[in-house]
Amino acid sequence: MGGVELLQFALAGLKNGAIYALVALGFTIVYASTGVINFAQGEFYMLGGMLSVWAYADLGLPLPLAAVVGVMTTAVVGAVFELLAIRPRKDGNPLALIIITVGGSMVLSSSARHLFGPLERALPSFSGTGTVSILGAALEIQSIWILGLTALAVASLWYLYNRTSLGRAMRACAVDRNAARLVGIDTRRVVTVSFLLAAALGALAGLAVTPLTQTAFNVGPSVGIKGFAAAILGGLGNPIAAVAGGLVLGMLESMSIAFISSTYKDAIALIVLLSVLFWRPQGLFGRSGREKV
Amino acid sequence: MRERIDMRLVVAAVLGLTVVAAVAGLPFFTSERYILRVFTFAGVNVIIITGMALLFGYAGQVSLGHAAFFGVGAYASAFVVTQLGWPWIGGVIVAIVLTATGGLLLALPSLRLKGHYLAMATLAFGEIMRVVFTEARTVTGGPDGLSGIPYPSLGPLAFDSASASYWLVWAVAGITLLLAANLVRSRAGRAMRALHGSELGATACGIDITGIKVRVFVISASFAGLAGALYAHVVGFISPSTFSLHVSVLLVAMAVLGGTSSLLGPVIAAVLLTLIPFSDAVIPGLSRSALETIQEWQEDIYGLTIIAVMIFMPGGIGGLLRRIGTGRSAER
Amino acid sequence: MSLLQVRDVTRRFGGLVAVDDVSFDVHEGQIKAIIGPNGAGKTTLFNVVTAFDRPDGGTVTFDGVDLTGSRPHRIVSSGIARTFQNTQLFDEMTARENVMAGAHAVTKAGFLATALRLPWTVREEREVAKEAGRLIRLVGLDEWEDVPAADMPHGLRRLLEIARALASRPRMLLLDEPAAGLNTAETTALGEALYRIRDEGATIVIVEHDMGLVMEVSDEIVVLDQGRKIAEGPPRLIQKDPSVIAAYLGEEDVDEL
Ligand SMILES: Nc1ncnc2c1ncn2[C@@H]1O[C@H](COP(=O)(O)OP(=O)(O)OP(=O)(O)O)[C@@H](O)[C@H]1O
Ligand SMILES: [Mg+2]
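The listed protein sequences derive, respectively, from chains A, B and C. Residues in the first sequence are numbered consecutively from 0, following numbering that gives the first Met the number 0. Residues in the second sequence are numbered consecutively from 0, following numbering that gives the first Met the number 0. Residues in the third sequence are numbered consecutively from 0, following numbering that gives the first Met the number 0.
These are computed hints drawn from the structure, not numbers from a lab. Any given hint could be a false lead.
[To be verified] Label pairs and their computed distance ranges (CB to CB): (1) A:SER261 - B:PHE27: 49 to 57 Å; (2) B:SER146 - A:LEU58: 27 to 35 Å; (3) A:TYR160 - C:ARG136: 53 to 61 Å; (4) B:THR17 - C:ASP145: 23 to 31 Å.
All C-beta atoms, glycine included, are put in the ideal place defined by N, C-alpha and C.
Pulled out of the complex, with its shape left as it was, chain A reads as follows (with noise of 0.2 Å):
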């Protein structure tokens, strides 16, 4: 195989693990302020793009802001879920509230085929389909927006927990839930908040990918379980670690069509996640910490 080539599939690897990068961080945001896996990730990806595709084709509003509030209302949606659903679950068991977010995912994917239909749906990129050259090998310019899209969601996740107060609860909650609450952090404010923030990273990432891969009603699980693979694999509950959880995922998933075959491409992220739950529960990059009784 060619350099030229390689670095092809790097490209698409790249841009794939940045789509599951924000997928991870959805995931990784829920579950360091619940402790719970959140199946309902990947309907946030689906209702991105869904909603986006109705404010701009049904609504006739301009791309920019028909993008916007896709993904506002995405984030809504989230906010929404985790007040009717998780909220009022008062002991806040894990296993009850997973098992919930397996229901709201269903719930979720079904709405989105009530209002929009079964069919799938279409966005244009964003600026132009064309393609520049690196090194002889073509990106989609469309790809080059999800790589910036990506850095600035990551970047003002940098921003959001390290200067702001509502980050600092948010990394409170992370640490200790009952510590938090007894040092005066709205707790439960924190809990909305972090499904608002992974639905609109949901939805960012459904967003960019819709004009290159199209969008339907019921692609949230599949995409659902790769963000959740990264996740896994860079460590549960550290942000930056599903960033780079997401892009190895990406790479490696790559890199497999390139030297193994195609047959089984969304098998890889699948055997990844089994992998690493069996030999680094703690993934790549965290730390094991003792069990303690």
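Starting from the known structure of chain A, arrange chains B and C with the ligands on it as the hints suggest.
Below, chains B and C with the ligands without anything else, positioned relative to chain A:
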């Protein structure tokens, strides 16, 4: 006190016998293939849910990949019967052995860890198997699936009619339920409920909580495998969509609605939720458009059921039945 | 030789030394108390002895067998049973079922045998139920046998946990603050139950803040303070020990000493 218990036993026995008679007698009341088919399918789900009930309702673990075990059982049995010419019972044994082994390999590493790694591992396993079912064409027939799978038969006994396969499936369901009921009313069942109540307390009683969870998972996986070996031959056709994540989630909905520390609850839930898309089989005058509306909204029904049960009645139908049985005012 | 030997046990949590080089012996048939102010390391010591926690140094030997590095569920079969400071009952199960679960380590019926309802498992089950009834009477919970643990008052839950621990027929019973939350009458009943249990042949180690109870029932006392053993001896001497009094200064228990 004593008399009350005896009365309850009598009521339970009468109810139980009525249900058994009704289940066994269904083919005498209707000869319509469609209705028998639907209830046969419900019986298959009852077998799977019996294992899920042990896993979720007793051992407090959740699997998001049980449809995959169901599928492994179905494909394995179909393969050895159609390709290798084995008798059906051989297919059943292969299905059980494969799913039990798979369950063990999946459960051992993930149950050693705290938290909910089993849910994630089973989810990944289910998706891997979905890819395998679609891509391993020589064994599975790819996306189109396998058809022409012969009816189950035991020696000279061929279950080649709708009513015969109905009886076979429900007889097997009855046996699995009986085994499970024996299990939960014994030392092993107590250990399961104990670890659900308090893992620390259970460990202090000398209960190897990981060992128990692994065993329960293996049992539940092999029940699903057994159900697969029945389903493939009774229906005669299998394809990947029958064993998707979607079906795994439906099974979770049945287990959740069925409730904790109960076998009866999950059985009722499995039958109810199985019937939803086939409501016309139980509601005679149901119009075509009403049925389509129900089918259109079934996902929402399943999803909302899961959420509502987890929030408003975490004990599920089982908890409800217990409350009626003991006259306790509220569940703690 | 003593039944339990704790030798140089140390357990650190980060910079904090929760148990600091502690050694002591427990002899067969004794009731031994471990006391000390909050955070002294008593529970941690229990956790180490029962293998719920691993020491950073030192050994625990029971009846000549080194238990260090055992898995916690195996400890029960070697003859040590325990209760918890925060009771760990099975709330959905009745009092009798709780105690029957406690017999897990001394019964055999496995998954296959019980699923098939083999006759010997039925017999074993009947014996376990009978023994559970006896233990429930031993701790005085006769009226609560068929009540779910969740519906029992707090004080009685502690007694139930003791009955459950006894179901494994332990040679040694470790009780972590059994009198916490009990009223005076219940505490008296607990003291009597402890004597009955000792008379049945079990050795008892008790962590307790109720000094009245401790002074009343224990043969010997170990005093911990900030992880270190600061005194050991019979109740009479411990009461007068200046270092013990100093450790408790500022603690409310000082009056009772
Ligand atoms: N898992 C743990 N992680 C970190 N620190 C711990 C842990 N367990 C106990 N500690 C600390 O070790 C010290 C000893 O705790 P321990 O629970 O053994 O005390 P105790 O004597 O039982 O106190 P109390 O009378 O309040 O029950 C305390 O400072 C406690 O905060
Ligand atoms: Mg303590």
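Evaluated hints:
1. A:SER261 - B:PHE27: 49 to 57 Å: Cβ of SER261 (chain A) to Cβ of PHE27 (chain B): about 54 Å, so the range 49 to 57 Å holds.
2. B:SER146 - A:LEU58: 27 to 35 Å: 46 Å Cβ-Cβ, so the 27 to 35 Å window is violated.
3. A:TYR160 - C:ARG136: 53 to 61 Å: holds (59 Å)
4. B:THR17 - C:ASP145: 23 to 31 Å: Holds, at about 28 Å.
The earlier numbered hint that this structure contradicts is number 2, and it is the only one.
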